[in-house]
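**Student:** Between the sequences and the hints, there should be enough to build the whole structure, so can you do that?
Numbers given in this note's numbering equal positions in the sequence shown, counted from 1, plus 264.
Rather than coming from a laboratory, the hints here were simulated on the basis of the structure.
Treat the hints with caution; some may be incorrect.
[As the list claims (entries may be wrong)] Derived DSBU-like pairs: lysine-lysine, alpha-carbon spacing no greater than 35 Å straight-line:
no., residue 1, residue 2
1, K572, K703
2, K703, K731
3, K406, K452
4, K951, K731
5, K320, K359
6, K845, K406
7, K703, K752
8, K516, K635
9, K492, K452
10, K406, K359
11, K984, K731
12, K452, K516
13, K752, K572
None of the values given here were measured: they were computed from a predicted structure.
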Amino acid sequence: MSRLRALAATLAAALLTSLVAAAPATAATNPELLSLSVAPTAVTPPGVVEIAYRIKADTATLSYMRVTFAAPQGSRGDVHATLDNVPLEGTLRWKVPDGLRNATYQLAEVQLGESWRELSTTYRRDGTRTGGGTHDFDFPSKDVTISGSNVDLRGPLLSSVRVTTPSVRPGQPLTVQFTATEEHQVAKATFTFTTPGRPEAVVQWTTDAAELAAGRIARSLPAELYNKTYTLTHAELFDSVGNFAMYWMDGKVQHVSYDSYDQVTEPQVVDRSAAAFTVAGSTYDKMPPVLRSISVDRRTLRSGQAVKATYAVQDDTARLGSLSIEYSRGGEQGRYSHHGSDLSLTGSYSDGLGVPPGRFAAERVRVVDGKGNEAQYWRDGTVRLLDGSVTGRHAISLSSLDLAIGPNAPTVFARSRPRSAAVTWSVASVEARGITGYKITVNPGGRVIDVPGIGPDTRSLVVTGLKNATSYTFTVVPQSSVGPGPGKSASATPLLSGNVFAAGDVNGDRRVDLIAQSPNGGERLYRGKGSMTFSPYTPVSNYGWSYRVFPGDRYVGDVAFLAQRSWDSGVEAVLVERDGKSRYGMDLERRWPNRFLDGSADFTGDGVADMVGVTPAGGLYLYRSTSMPGSYSSGVLVGRGWQSMQSVFAAGDMTGDRRADLLGVDAAGVMWVYPGTGKGTFPTRRKVCAGWGGLGGLFYARDVSGDGRGDIGAITMDGKLRIYKGRGNGTVAPAVTVGAGWASYL
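**Tutor:** Listed below in structure tokens is the structure:
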């Protein structure tokens, strides 16, 4: 199969059509498809299918248009009708060749693009389009059915092959004569000749129609050949449909159809007694190069850093093919190569070593000249050839090339938890094998935590004993046998958990459902059953530990929650369908560097939920929703001094005035309600009550009790789920415990 895939790239052009050209486009916005028609939708080869279109764009042309029809069997046979430099109205033409399967080719995808600006729009068969939208084009009605085709799924039949120039000098023509039959047209023929024990191969091939019809290829031999006899190893023949056949000189032929990687292997006898030639008069150099000196510019470095090697080599050729220093670490059997290629005989080259931290001994230096001759200089002082035979000794000290490689700084993330923080760090996979442990320093306080042992490339630790609403810095320093590497820090502020929140009514039963995220990643749905009880969870999505979730609102008709990426602060609206499964994440196209974030309430009175967030510096910002779903205006500062809050979240209406409010718990554990004005401001606050700081998690539960008033949900440190029923006046009733086992969401 590997030999088939090596040839697959040569077949991609077999079903492509050369189409109408136009001036290049420089569209400033994503293009839009206005109309699309396909005619005829039933065709008998050879025939032409015309694809008429109209496009809306800011410029007169686009860079490309690509229409894909899915093959009925395998994706390798998909038809990609492509037009470059696309006018905004025109026609693509698919010339349907004879030999394809008599079946229906389904219209799968239409892509419009502007390469220079990296703008594109893709319309898919399932009714979706890029950017989270949908379209109304009826793709199934545009499927193309092929009938009357003389179906051809086999490559050409090779019956004979011979070399008519049995003795030839480098630079002279080598002539290959062959006979092949094909019910369609032979499109390409390739013949490969090799000689035992040598890497060189002579490949004679052609796509020229006249040469294929005559069954004759004549090409001059290259100069870099040994005076040896070369015999035919295998032949490959391709037809105009896209099928090909590979003839191996073990008496087997493999047929591969135009639309599949599957192969049909069967016996085949091809007379190759005259399919050989002898090279005479070659001046090809067979002498190995001689290494005179070699050194490195550094012997202590970090993993992945480049090392510069300076060398001098004596050889008859003008340049080296390659030079490499091969290293081993400890008792490992594998070798790590420091490699340069296409080099002058004297000079230097730089290369990075993709190796784990540790001490590396230079085992050998391999020198290959421009004609493929190789000499190996071993640590024990021997000089050997490629076949391992010893040809002499050398005086070069390979120990002067030994390296001590230390670890790099890891990538570190810290995520807040109640009175604790989850610290996650990662290194390159190759580095993890050489890191013997980590030291984690926690500030303020200066506490040092040792995490010993070699482990995976991503590791985590929950640091406990911290104080809520206090910012902590966690510095992770990798350790290795050659010493510590540089440290990397991340900060987090322990807070009341927001990993559980009310999602609204997901499945349309008029009951409040809950979304919960495990700190290790994975979102779950708890469907409300009424009376403040919930069904066992069902999985929704798996956004992983590098995301943090927040309450959201409805987008394009579906309930959604927000997932914020830790690496760039970007936020995605994750849409949840009525069956509880996430459909996709819609990027909100903004960076939101906020400690708290909530997109579940309308604070401006326009009927659409806005976004509210608190920055690490304590600024309360309001992001007004716009007319575009999932789009928000720039943030407006509406409050200061919120950095000491342990929890902040939106509430639909806690005060009974039919306006969305904001709730917050300060560092002392006092809960405050900030009544909304309906104009995006929160001018005053009221004290709800104290004693909330000892909880593990807190969230607005919407009207989970069903009495028409907003409620508050909480999770205790031992995992009890509590509901505080709202009274509709900014206060709440005593807690009611409605569940247990929720500690894993803290």
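**Student:** Would you check the hint for K951 and K731, treating anything up to 35 Å between C-alpha atoms as holding?
**Tutor:** With a Cα-Cα distance of about 23 Å, the restraint between K951 and K731 holds, given a limit of 35 Å.
**Student:** Taken at face value, is the distance from the CA of K359 to the CA of K406 at most 35 Å?
**Tutor:** Given that 35 Å is the threshold and the Cα spacing comes to 16 Å, the pair holds.
**Student:** Measure nothing beyond the straight line between the CA atoms of K452 and K516; if it is 35 Å or shorter, mark the hint as holding.
**Tutor:** holds, 20 Å
**Student:** Are the Cα positions of K752 and K572 separated by 35 Å at most?
**Tutor:** Status holds; Cα separation ~27 Å.
**Student:** Hint check: K492 vs K452, CA-CA at most 35 Å. Holds or violated?
**Tutor:** holds, 28 Å
**Student:** Please verify whether K406 and K452 have alpha carbons no more than 35 Å apart.
**Tutor:** Cα-Cα ~33 Å, so holds.
**Student:** Quickly compare the C-alpha distance for K703 and K731 to 35 Å and report which way the hint goes.
**Tutor:** holds, 21 Å
**Student:** Would the hint linking K703 and K752 be met if the CA-CA limit is 35 Å?
**Tutor:** Holds, at about 11 Å.
**Student:** Does K406 sit within 35 Å of K845, going by the straight-line distance between their CA atoms?
**Tutor:** holds, 31 Å
**Student:** Taken at face value, is the distance from the CA of K635 to the CA of K516 at most 35 Å?
**Tutor:** holds, 33 Å
**Student:** Can the restraint linking K572 and K703 be considered satisfied, given a maximum Cα separation of 35 Å?
**Tutor:** Satisfied, since the Cα-Cα distance of roughly 32 Å is no more than 35 Å.
**Student:** Given the hinted pair K984 and K731, is their Cα-Cα distance within 35 Å?
**Tutor:** Answer holds: K984 to K731 is near 21 Å, not above 35 Å.
Every hint from the earlier list agrees with this structure, and none is contradicted.
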